[in-house]
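Here are the chains, one letter per residue:
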Amino acid sequence: MSDLRTASAIDAPQVIDAKPAFSNFSFIESLFGNLDSIRRIFSQVRFLGYKTLIVEHIESVGFSKEDDLDLQSEGINIVLDPLVRVSFFRNEFKNIADIASQDNNSFLGYAILKKIPPDGNWIVFESVIISPRHDNNYLHKLRKYNVNVGGKLFNVKGILYCQQNSLTNVCAHAALRTCISIVTPPADFSYSLMNKILRDGGKPHVLKQGLSIEQIVLILENLNIKYSLQVFPRKLSQDSSDKTQGNEIPYQSFLYSSIESGYPALLGFSLEELGAHIIPVFGHTFNQDTWVPKAKTSYFEVGKDTRYVPSETWVSTYICHDDNFGSYYCLPRNYLTNENEITVIALRPFNAEFDAILAEAIAADYLYTLKPIIHKEGEVNEWAKRLDGAINQKGGWFVLRTLCMSAEEYIEHLRLLKGWGNETIPTKLLSALSAGLPKLLWVAEISLPELFPANKRKLGEIVLDAGKVATPTPDLANFVLARILNKVYCFERSKENIGLVEYDAEIKTHTDLFCTQILN
Amino acid sequence: MTTYSNFSCPILIQKLQEQYGCQEKKEDLPFRKSRDVSEFIKAKEESEKKSHSAKVVFK
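Going down the list, the protein sequences come from chains H and Z.
Quick note on numbering: the first sequence equals residues 77 to 596 in the working numbering.
Quick note on numbering: the second sequence equals residues 167 to 225 in the working numbering.
For reference, chain Z alone in the conformation it holds in the complex:
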């Protein structure tokens, strides 16, 4: 029996298989080794936290 829990968007995959069907399984892709996006997300979050403590007043 097919389960869909290992898909990123399981309901979508399920509906595509049920209603459209004509899928083709491709070979696996490796995750990117680059940590660019992970570091970008962390840096942006930190920067936003710091911004909350800015003392500027708008008049």
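Just chain H, with the same shape it has in the complex:
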């Protein structure tokens, strides 16, 4: 694991008053030249209200040292200058001794800069800044990093950002480092280890060259990281709508399928005359007021008889890092078109045998199967009547939002649910569910277009076993239960039909959506 973050400084820290008239631009130009990525980081902390900047010099240790050894093994002379660690604080203070009295609430993050061969240009070797400040930003999984500032350890929660050296590592290495840091316990992974995996797997990285899909997935598979891969070939037609990317499933669905469950995705795209670039995507913004037309463009069509409105519809941008330009950028949802060749490698939980896209399609199938029951329930429950109407209206004017979660998380979510009249699910039912649920679940939340974005509430969920392989045969293999309003439905198999067992869950109205917030 990288110990650059916790390395002691080799000289006394410099404490800089960063309030106006201190200029970020002048400071950066004087030390690092024209470096977009660090300008972006300084702009972020300026917006976050930083008032004090600490500058320290550190030796090349940990992942940086490994990088040096990789360069030397390729016959490249490394730059011997120390690395620079800059740390940002919200509080105003003037002396080194004052660092000891600061706490994590004041600490906004850090960046470590390194000079790279052949010209001694600077890169941001790594940085973690606290997550974006806007209310509509959703980053479902943050990691915690310890950072040494002036001899005191602080911690920062965020998503690791890093840059390539363009020699022994490229944008794909940087994107992989961020993604692997989100999903593996050490919360970081070195370029050197990635290259070792490639060498051992017989597909070595070639100096100054990019990484192929084959090499990227070799690294993921070596780490037992599950993923879905989809390449959307470039199209030269005039139609650049996001629904026609050369595949029926829009590329955004793949991104969202990972992100909503707290997992990142790698998004690759071709650039005119520059080959292809790849970035990590790990969050999204949510616009409650997005206009959603009751038209074909709003539906996700599994097939002509199975369609619904995906919750991804209300995403306005995806939150990503770009190793060339910095951290926490918002990429507009429809920015990439079929004029670019697009690649998505969407990561998912280690034990999930299938992805959220399949889970959602299967859940939609079961919801349609339950239509006669929901229709009948509509005679006594007005919300069931509304759901029945939504399922029938133009064949699917309901919303599905699908997330992966453990049985414990699902039970805890159910325990906290309150209907519009404050009604709750019986504790005895929760205990029985808790004893019988499979370990890992796909939960497809069911809502209505008028209920989902504004109130973030739902009418129930279809629950599937994520640990069993999804088969193309409708055999109930993955089905666990459906909770729709005040009923929990379970299925039993029979030769031609599905036997239905029903339990009373007592919540007759809508409830809150599952709130994903994972921090470790």
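These are computed hints drawn from the structure, not numbers from a lab.
By construction, the Cβ of each residue, glycine as well, lies at the ideal position given by its N, Cα and C atoms.
Certain hints may be false.
[Said to hold, decoys possible] Quick list of in silico lysine-lysine cross-link-like pairs, DSS-like style, CA-CA up to 30 Å: (1) Lys217/H / Lys302/H; (2) Lys544/H / Lys504/H; (3) Lys225/Z / Lys215/Z; (4) Lys170/H / Lys95/H; (5) Lys515/H / Lys208/Z; (6) Lys279/H / Lys216/Z; (7) Lys452/H / Lys191/Z; (8) Lys302/H / Lys215/Z.
[Claimed, not checked] Pair ranges (Cβ atoms, derived): (9) Gln285/H / Glu212/Z: 25 to 31 Å; (10) His451/H / Ile177/Z: 28 to 34 Å; (11) Asp381/H / Gln185/Z: 36 to 42 Å; (12) Pro448/H / Gln185/Z: 27 to 33 Å; (13) Val368/H / Gln185/Z: 40 to 46 Å.
Given chain H, work out where chain Z should sit, using these hints.
Just chain Z now, kept in the frame of chain H:
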């Protein structure tokens, strides 16, 4: 004697019956005739296989 092997999630049904009890058996539902999801799963798998052979390089 009741057996649970014909349920999609037999342990869950067993626990619900043992610990919660108040179940109601409804009339059987037919499987959907639509093959949408089956075809969707197959098409997605094929598309993913094809994607593995893409020659794009990210630099």
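Here is how each hint holds up against the structure:
1. Lys217/H / Lys302/H: Holds, because 17 Å separates the two Cα atoms, which is no more than 30 Å.
2. Lys544/H / Lys504/H: Measuring from Cα to Cα gives roughly 27 Å; hence the hint holds.
3. Lys225/Z / Lys215/Z: It holds: about 23 Å lies between the C-alpha atoms, which stays within 30 Å.
4. Lys170/H / Lys95/H: holds, 12 Å
5. Lys515/H / Lys208/Z: holds, 26 Å
6. Lys279/H / Lys216/Z: Holds, at roughly 20 Å.
7. Lys452/H / Lys191/Z: holds, 15 Å
8. Lys302/H / Lys215/Z: holds, 15 Å
9. Gln285/H / Glu212/Z: 25 to 31 Å: holds, 30 Å
10. His451/H / Ile177/Z: 28 to 34 Å: At roughly 30 Å between Cβ atoms, Ile177/Z and His451/H fall inside 28 to 34 Å, so the hint holds.
11. Asp381/H / Gln185/Z: 36 to 42 Å: holds, 38 Å
12. Pro448/H / Gln185/Z: 27 to 33 Å: holds, 29 Å
13. Val368/H / Gln185/Z: 40 to 46 Å: holds, 42 Å
Checked against the numbered hints given earlier, this structure breaks none of them.
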